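Starting from the structure of chain A, add chains B, C, D, E, F, G and H with the ligands where the hints point.
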Amino acid sequence: MGELRLMKGNEVIAEAAIRCGCDGYFGYPITPQSEVMETLMDREPWDETGMVVLQAESEVASINMVYGAAGSGKKVMTSSSSPGISLMAEGISYIAGAELPCLIVNVQRGGPGLGTIQPSQADYFQSTKGGGHGDYRLIVLAPSSVQEMNDFVDLGFELAYKYRNPAMILTDGAIGQMMEKVELSDYKPRMTAEEIEAKYGSWATNGKKANREYNVITSLEMDSAKMESNNRRFQEKYKQMEEEEVRYEMFQCEDAEYILVAFGSSARICQKSVDLARAKGLKVGLLRPITLYPFPKKPIAELATKVKGFLTVEMNAGQMVEDVKLAAGCSNSSVPVEYFGRMGGIIPTPGEVVEALEQKLIEA
Amino acid sequence: MGELRLMKGNEVIAEAAIRCGCDGYFGYPITPQSEVMETLMDREPWDETGMVVLQAESEVASINMVYGAAGSGKKVMTSSSSPGISLMAEGISYIAGAELPCLIVNVQRGGPGLGTIQPSQADYFQSTKGGGHGDYRLIVLAPSSVQEMNDFVDLGFELAYKYRNPAMILTDGAIGQMMEKVELSDYKPRMTAEEIEAKYGSWATNGKKANREYNVITSLEMDSAKMESNNRRFQEKYKQMEEEEVRYEMFQCEDAEYILVAFGSSARICQKSVDLARAKGLKVGLLRPITLYPFPKKPIAELATKVKGFLTVEMNAGQMVEDVKLAAGCSNSSVPVEYFGRMGGIIPTPGEVVEALEQKLIEA
Amino acid sequence: MDIKDIIKPENLVYEKPKLLTDKTMHYCPGCTHGVVHRLVAEVIEDLNIQEKTIGVSPVGCSVFAYNYIDIDWQEAAHGRAPAVATGIARVNEDKVVFTYQGDGDLASIGTAEIMHACNRGENIVVIFINNAIYGMTGGQMAPTTLLGQVTATTPCGRDLDRNGYPLKITELIAQLPGTAYVTRQSAHTPATARKCRKAIKKAFQNALDKKGTSFVEVVSTCNSGWRLNPVDANKWMEENMFPFFPMGDMKDGERDAPDAYFKKN
Amino acid sequence: MDIKDIIKPENLVYEKPKLLTDKTMHYCPGCTHGVVHRLVAEVIEDLNIQEKTIGVSPVGCSVFAYNYIDIDWQEAAHGRAPAVATGIARVNEDKVVFTYQGDGDLASIGTAEIMHACNRGENIVVIFINNAIYGMTGGQMAPTTLLGQVTATTPCGRDLDRNGYPLKITELIAQLPGTAYVTRQSAHTPATARKCRKAIKKAFQNALDKKGTSFVEVVSTCNSGWRLNPVDANKWMEENMFPFFPMGDMKDGERDAPDAYFKKN
Amino acid sequence: MTEEIIIAGFGGQGVLSMGKILAYSGVMQDQEVTWFPSYGPEMRGGTANVSVIISDTRISSPILHEFDTAIILNQQSMDKFEKTVKPGGVLLYDPNGIVNPPSRKDINIYKIEGTKIAADLGNVKTFNMVVLGAYLKAKPIVAMESIRKGLEKSLPERHHKLIPLNLEAIQAGQEKLEAVNEI
Amino acid sequence: MTEEIIIAGFGGQGVLSMGKILAYSGVMQDQEVTWFPSYGPEMRGGTANVSVIISDTRISSPILHEFDTAIILNQQSMDKFEKTVKPGGVLLYDPNGIVNPPSRKDINIYKIEGTKIAADLGNVKTFNMVVLGAYLKAKPIVAMESIRKGLEKSLPERHHKLIPLNLEAIQAGQEKLEAVNEI
Amino acid sequence: MAKVVGAVVVDTEECKGCGLCVVACPQQVLGQNKQVNSRGYHYSFMENPEACIGCSNCAVVCPDTCITVYRVKI
Amino acid sequence: MAKVVGAVVVDTEECKGCGLCVVACPQQVLGQNKQVNSRGYHYSFMENPEACIGCSNCAVVCPDTCITVYRVKI
Ligand SMILES: Cc1ncc(C[n+]2csc(CCOP(=O)(O)OP(=O)(O)O)c2C)c(N)n1
Ligand SMILES: Cc1ncc(C[n+]2csc(CCOP(=O)(O)OP(=O)(O)O)c2C)c(N)n1
Ligand code: SF4
Ligand code: SF4
Ligand code: SF4
Ligand code: SF4
Ligand code: SF4
Ligand code: SF4
Ligand SMILES: [Mg+2]
Ligand SMILES: [Mg+2]
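Residue numbers (this note's numbering), protein chains in the order written: chain A, 152 to 515; chain B, 152 to 515; chain C, 2 to 266; chain D, 2 to 266; chain E, 510 to 692; chain F, 510 to 692; chain G, 215 to 288; chain H, 215 to 288.
Just chain A, same shape as in the assembly (with noise of 0.2 Å):
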C-alpha cells in the first residue's frame, strides 16, 4: 500500500505526475488550481527525478511547450482553468492532429468568460466535442476524489501513449481545492528514449539516427485524399477507445427505477441523494461515468431498457443529458431523461437533487 497522506486534489496532480515519472510541466498560473505547478516548484522536482518544470508566458504557450515536447516522445503536460483551457484550443487541436500522447488538466471554474473561480461543469461539451476546430476527441477522465486526481494522472498518460492522443483529467475548484485522504502511488522511474520506442514505436522527434529516416510531427496534410485518410485513422483509432476504454461505475442500479447520471463532484452528491432517496422508498441508483469520452452508452442503453427514467445531474446548463440522450435512445425505449443542475460556481445538495428527481420524473 502506498503513502497515505491529506492533500488536496491539485496537490496531488503534481505529487503523481513525479511518481508516475512524468518528463515536464508547463504552465501558467489560474485560480483554482496554480496549486498544481507551486507544488511541483516546491518539490523540486528536478532534483528528485529530472521532471522540468517550467512557468510559461501564457496558456498558448504552455500548450505548444506541451505539444514540443511531447512531439520528442517525453510524457508532459499541462494544467489549467477554463478560460487557460480555452486559450489552448489551437494547441489542443494541433496536438490531437499530430498524434501526440500528453496528458492536460482542466480544474473547472464557471463561465463564460472571465466568470467566477468557483466550480462548474461547464466545460464538458468543450471537453468532450472538441473546444478546438476540426474532428478530434479527447480522452476525457473525471475525477470525483482526490484519490482519483492521484490514479488518473497515470492512467491518463498510459490512454494517451496507447492512443498517441491527448487525455484530459476534467475536475473543478472543489475537487482541485479539496484536501481528502488519498494514497500516493509509487514511484515509477521515467522511462528512457530507447524504452518509449521499444513500447510505443519510433514517431518521437528525438534525433535523426542512422537507423531510420527523420520524424517530422506535423498535422499539415495539403492532399485532401491523404487528409482524409488521416481523419479516418483518428476516426478509427477513437471508435477502438469507445470499444475499450469506457470506464464507469453503478451504486445501487440492480433494482432501481430511477437513475440519477453525474460525473465528478456532482456525482459525490449524487451518492448521497440515494441514500436519501432509498430511505424514501424511492428505488434509485446512481451511474457516474467515469470516461466523459468515450462515454459509457451501452450501460446507459441496457438501463434504458429496465429503468423508468434518467436525471442527469450537472454543475452546468446541461450538457452530458445529450449524451444520455443519445445513449438512451440508442435502445430504442423512450425512457424520459431530463436534467436537473446547478451554475455560477454552486453545487447542488443532495436534497435539491431528490426533489428534482421526485418532480421532474416521478411526479410528471
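Simulated from the structure, these hints should not be mistaken for laboratory data.
Remember, predicted model here, so these are calculated numbers, not experimental data.
Among the hints, erroneous ones may be present.
In silico DSS-like pairs for lysine-lysine, Cα to Cα no more than 25 Å straight-line [stated by the list, open to error]:
1) A:Lys511 / B:Lys511
2) E:Lys625 / E:Lys670
3) C:Lys9 / B:Lys360
4) C:Lys199 / G:Lys248
5) B:Lys511 / A:Lys390
Quick look at chains B, C, D, E, F, G and H with the ligands alone, frame taken from chain A:
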C-alpha cells in the same frame, strides 16, 4: 432590386458589411478567407461610410478588439478560418459572457490542427456547442450560396443586437472562394450612438453621461448566486432563440420517405442528390438547417413521425447527426438516423450521397 | 486652535475625489493599486473628461477597478486590454481610452498585444502597475520578478536557469515608434505620488491631443504577495526594485515622424 | 580545357549538401527560403549534428521546411515555434533545437513567444526570415512591411494611421538578456550568403556550447508577394529594406551575467 | 459519526492550518475527512474559512451550507456563519474583536479567549491551537493521540520541534473553554 | 443547358480572369454560374486552375470531378485534367510547352496557338482572350454581346479602354481554332 | 510669517490600518489605533493632533482615500 | 600564376529559371535558356562556358540548389 454582381463569397461578406452599416472589422489573414479583409482594404470604406478596418496582430487580438468595440455599442465583426477561430475561443466566451453583439465569420477548412486549407464542416460542434468554456451559445447561420453570404451579414447583426449575443456565419472554403451571382443589399446608414441607445438600451461604454449610471462591460461575477442568475438569464435568451429564430428550408419533403439533412455546401450537393434519387424513383427530400443554433428540432421531430429515415450529409466525421438524433428522438419515434460524410477537404458528390442513402437506409 | 475649528468646509484642502465611488476597495491594506486608482480619478476630474473616458480593467487584482471610478469601463480578458482598448479607440475617435494593467497581464500573457498597440501608436493611455508578482492568483512569479525573489512558483527564489530573467518591458516599449510618452514612476511617498499624478495627467492630455500611445509604469508593491507589511514592502521596493527599474521619463514627445519608416521608392 | 575534363569528381568544389533531400522545394522561383534552407543544411552537416538537431518549422511559406532537410522536425502552430522549441529543448538538454520563422509568424502573432523564449535565454537557435510580407497567405501586410509598401491588405501602400509602423523586432530581441548572439544578415549575393552561413554556424555552435539564445535575421525577398521578378526583388530589398533593417551583429557573446538582475537583499 | 465544522476568521489567524491538523487527526484514526477552504481573491485582506468534515463513512459533498460546529474568530465571520449552525449544534468563538456576540438560543455556545491565552503562553502564533483545544474540549471527536500524529503529519519536518508547544496550547485551550449557552 | 468547364495553366496565364469573364458573360444572359478557383499555397510558382459552371438551372456543387470542357495551358495541367473530360466532351489546349499532347479518342480535341497569336497581336497579355475566343468557337455557349458585357463588368473601370483589344483577341482566337480530333 | 495649522479626519471604518500615512507624515501626527474597527483593522488616528500642518502628505499616500485634510493659516 | 578553369552543371529539371545565378556570376557565364523545362521554366545554362572560373558564386545564391561546380587549376 439591389445591384447584381458576380463575386466570391468572401468578397461579398466584405461588401455586405460595408453596406449594412458595419462600424468596424478587425481580422488577421488566413486561407481560405483572407479576401474578406483584402476586399475591405481595397474598398476603403473609411472614406465612404466611416467604417474602420484594422489588420490585427493575431486572431486573439482581433476578437478582443471586437469585444472592445462591441462593448462601446458599435456594430463590429471579424472573420477567420478554423485554427484562427480556435484562438478566439476565450474571447468568444467573454463576448457571450458580457452579452455583446457582434458577428464572427468562420470560413471553415479541414482540421484538426493545421490540417488542410480545403473546405470542411468540422467546426460544427465548436460553433454550436461552444468552443470556449462555460455555458454559452452562438447564433449560428449557415449560408449555402454566395447570395446568403450577403444576406446573413445583415441578419447576423440584427440577431446579435436583438439578443446581445455573438452571431456566427459558419461557412467554408467552397462558398468563401466560389463566385456566384449575388444581388447586393442596399446601403443602410451606420447607426449613431443615440439610435443604438434608443433601439437597444444604454448598456454601451460610450462615455458616462450625466443622466445615467456608469456602464460596465464584464463577464465576471464573484457572487455565485448572482453568477447563477446571469447564467439563467443567458439560458432564457437561448430558449427564446429556440422559439423565435429557427430557420430552415425544405425541398421536396412533402411526400418524402427519406430525408437528407445537410447545411451549407453539403446542402447544395444534396439538392442534386434529391434530383438523382427521385430520378431513380426514390422519394427523397432535403431539410437544410439555416440556423445551426438554434437547431430546427421541431420540423425534424415532425418529419420523424412520417418518414422511414434520415441521412445527415456532412463534411466532417458526423457531428450534426447528434442533433438530428436528439431532434428525431423527441418524437419518441424510432426512425433511423444515419450519417454520411467526407473529410479532409473533400466535398461529397451528389451520386455518393444517393449511394450512401441506399446502403445505409434503404437496403439496411 | 481647536481641531473643531480647523475641520470646517472652508479649510478643506484635500478630500476624496468625486469620481471615486463609495465602494470599499477590495485591495489588501497598503496596496499600491488604491493610490493609483485615486490618482487616475483625480486626473480625469482635473481634465473634466468623465464623459469621454473609457477605462479597460484587466484580469489581475485590479479587475474590479470598474467598481471604484465613476466612468464607463470594460473588463478585458487576461493580457488583452490593449487590444480591447484599440477596438474601443478605433471606433470612438473622440474618446479617451486607457488600460490599467498588471505586470503579469501586460508583460507576460499580453506581451504581443501591448507591443503591437504601442507600435501602431494607438491613441490610448496605458497605466502599468509593476509589482513584480501575480497578486490576484496568490503571488506567483511575474515577468518582472527579480532573480532571487521568492514567490509561490519560485519558493527558493527566482532562478535564472529555471525561470529566466526579469523583463524590462518598459525600456522596450519606449523604443516603439508609436509611443509618445513613456515614463516610470512610483507612488509610495507623498512626493513620488504627486509626481506620478503629473505623469498620468500628461498621459491623458496626450490622448486628448492625439499624440500616440502614452505609457506610465508605476513600480508598486504587493505586500501580500511579498509577505511583508505595507511599510516594509515600500522599503523592499526601494532597495530591490528601484535599482533595476530606475525612475524617470524614457520618452516624452510624440510618436515618431514617419519618414524613417517609409520605403524609399 | 574541355568541359568534360573539368566536370570530374576530383574537381568538384560545390555540390548540394547531403542533408538536403531530393524533394523539389515548393517555393516560388528565386525565393530566399531556398537559399537559407541550404545554408542551414550545410551548417548542420559541417557541425556533424544531424542526430542531435531538431528543427521547428512554422506556419508560413516555410511550413514544408520539414520536407527538405534530413533531420527530425516538428511543425508548429502559427507563431508558437519558440514555445515548441522551448518544450523540446527543456526536456532534451543534449539536443540542438532551432526554429525557422517568418516575419508574420515571429513578429506578429508570435511576439509573446519569441520575446519570452529569448528573455528566458532558451538554448535554441532562431532563424528569422524577414521578407516584409505574409508570403504563404498571398501577400498581406506583415509587421515589417515598410510604410508606403503595397501588399494585399495595404493596396495603396502601408499607411501609418491605419496600419501602424513597421516593427524592428530584432533590435528589441538584441536587448533581451537571454540572447547570446543577435545578428541581421541577407543571402542575396554570393558574399552575403557566405557571411550568412557563418552567422548561422555561430548560432548553432552557441547552442552546442549552451550560451543562450542565438537569433539570426535574414532580410529576404518574397518576389511573388512583392510582384517583382527575383532579380528586381533583390534590388528592391537593397534599396528599401536595407536602410531600415541595417546589416550586422547587434550582440555577440553570451547571455547576460545574472548579477544585475538579482534582488539586492 | 459525522462532524461537519466551519472554521472562519481573518487570513492570518491560522484558520486553514487548524482545519488541516484537525482533518489529519481524523485520518490518523482511520476516519474519512474532507477539508475545503475558501479560495481566490475574496481572501485579499478579508476573511478566510475552511469546512472540515470528519466521518466514519464516505463523504459526499465537501461544500456545506450548514454545520454541526462553527468556530468563529472575527465579527464578519460571526455575521456570516452564526446562522449556519444546525439547531443543537455548537458555536465556539473568540470574543476578541467581536462586537455583536452570538445570540441564538437553540445552539450550544462556547467562548475561548484564544488571543489572550496565546499571548500568555508567550507565543501568539499558538492562537489557533488554543482554539483547537477549546473545540476538542467541547467536542472530543478525535483522540489527543491522533492530534499529536496529525500535528506531525501536517507540520513540515523543520517545525516538528514546535509540536510540544502546540500541544501545550491545545491543553490550555481545553482548560479555558467557557460555556456561554448550553442547551 | 449546363456547361462545366475547367481552365488550367500557370499562375501568370490569366486563367482565373478568363474564367471570370466567361462566368460574368453567363450572368449577363441571365444564367446561373459558379466560378471556383484552386487556392492556397499550392499556387506558389505552380499551376492555377478554375472551374466554371454555366447553367440554366440552379447549380449544386461548384467543385467538380469531371467536366464538359477542359481548357489546358501547360503540361502539368494536361497530366492532371485530360482524364477528367467527360466522354464526348471537349479538350482545348495551347501546344506551347506541351510535351505530351492529349491522346484520348473519345473526346473532341482542339488546339489554339494562343501564345503565338497573342504575340502576333502585339500584346502577350491578351493570351487568355485568344484562348477564350477559341473556346467560344468550339462551344458558343454565350453570345458575343454577353462577353462584351462580361468584360465590362469584370474589368475595373480603368481598364475599360482595353476592351476593344480584348475583343479583337477573342475574335482572333475564334478564327484560329484548330480541330485535332473530332468525334 | 503666518503659522499654518492642520487637521485630518480619518474614515475609521474605511481605514485598513496599513500604516502608510503614519510613515508619510512629516510631523509624526498619526498613529495606529490599538483598537480595531469592525473589519479588524488598527485604524489610523491623530496621535499628536497639534503637530499637524495640513500638508496632505498622509492623504496623498493613503491607498483607501480615508483621509480628509483641513488647513488654516493663523 | 596558375590559371583556374571551372564548369558548372545545372539540374535543368530542378531549375526554376529565377535568374539569380545569372546575375551572381562575375564572369557572365550563365544565361537563361529560351527553352523551358517540363515545369515551364527558362532554366539556366552556361552561355559562355569558357569564362567560368569555378568560383561557386552561382551555386551559393541558387535557392534550389541546382548547381554543381567543378574547378581545376591548369
Ligand atoms: C487566460 C487566463 N489565464 C490566467 C488567469 C489567472 N490570472 C488572473 S490574474 C493573473 C495575473 C495577475 O497578475 P498581474 O497582472 O501582475 O496583476 P496583479 O494582480 O499583480 O495586480 C492571472 C495569471 C486568467 N484569469 N485568465
Ligand atoms: C492561427 C493561424 N492564423 C493564421 C494562419 C494563416 N497564415 C499562414 S502563414 C501566415 C503568415 C505567413 O507569413 P510569414 O510568417 O511572414 O511567412 P512567409 O510566408 O512570409 O515566409 C498566416 C497568417 C494560420 N495558419 N494560423
Ligand atoms: S494581492 Fe497584492 S496586488 Fe493584490 S490587492 Fe493584495 S497587495 Fe494588492
Ligand atoms: S510566396 Fe514569397 S516567401 Fe512564399 S515561396 Fe513565394 S517568394 Fe517565397
Ligand atoms: S494610509 Fe489610509 S488605510 Fe492606511 S492606515 Fe492610513 S488612513 Fe488607514
Ligand atoms: S496633513 Fe500632513 S502633518 Fe497632518 S497628519 Fe497629514 S501628513 Fe501629517
Ligand atoms: S562558378 Fe563562378 S564563374 Fe562559373 S558560372 Fe558559377 S559564378 Fe560563374
Ligand atoms: S539560381 Fe538556380 S533556380 Fe535560379 S536560374 Fe539559376 S540554377 Fe535556376
Ligand atoms: Mg502584478
Ligand atoms: Mg514573411
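Here is how each hint holds up against the structure:
1. About 37 Å separates the Cα atoms of Lys511 (chain A) and Lys511 (chain B), which puts this hinted pair outside 25 Å; it is violated.
2. Distance check on the hinted pair: Lys625 (chain E) and Lys670 (chain E) sit about 23 Å apart at the alpha-carbon level, within 25 Å; holds.
3. A C-alpha spacing of about 32 Å is found between Lys9 (chain C) and Lys360 (chain B), which places the hinted pair above 25 Å, so the restraint is violated.
4. At roughly 36 Å between alpha-carbon atoms, Lys199 (chain C) and Lys248 (chain G) are farther apart than 25 Å, so this suggested pair is violated.
5. Restraint check: the Cα-Cα separation between Lys511 (chain B) and Lys390 (chain A) comes to about 19 Å, which is no more than 25 Å; the hinted pair holds.
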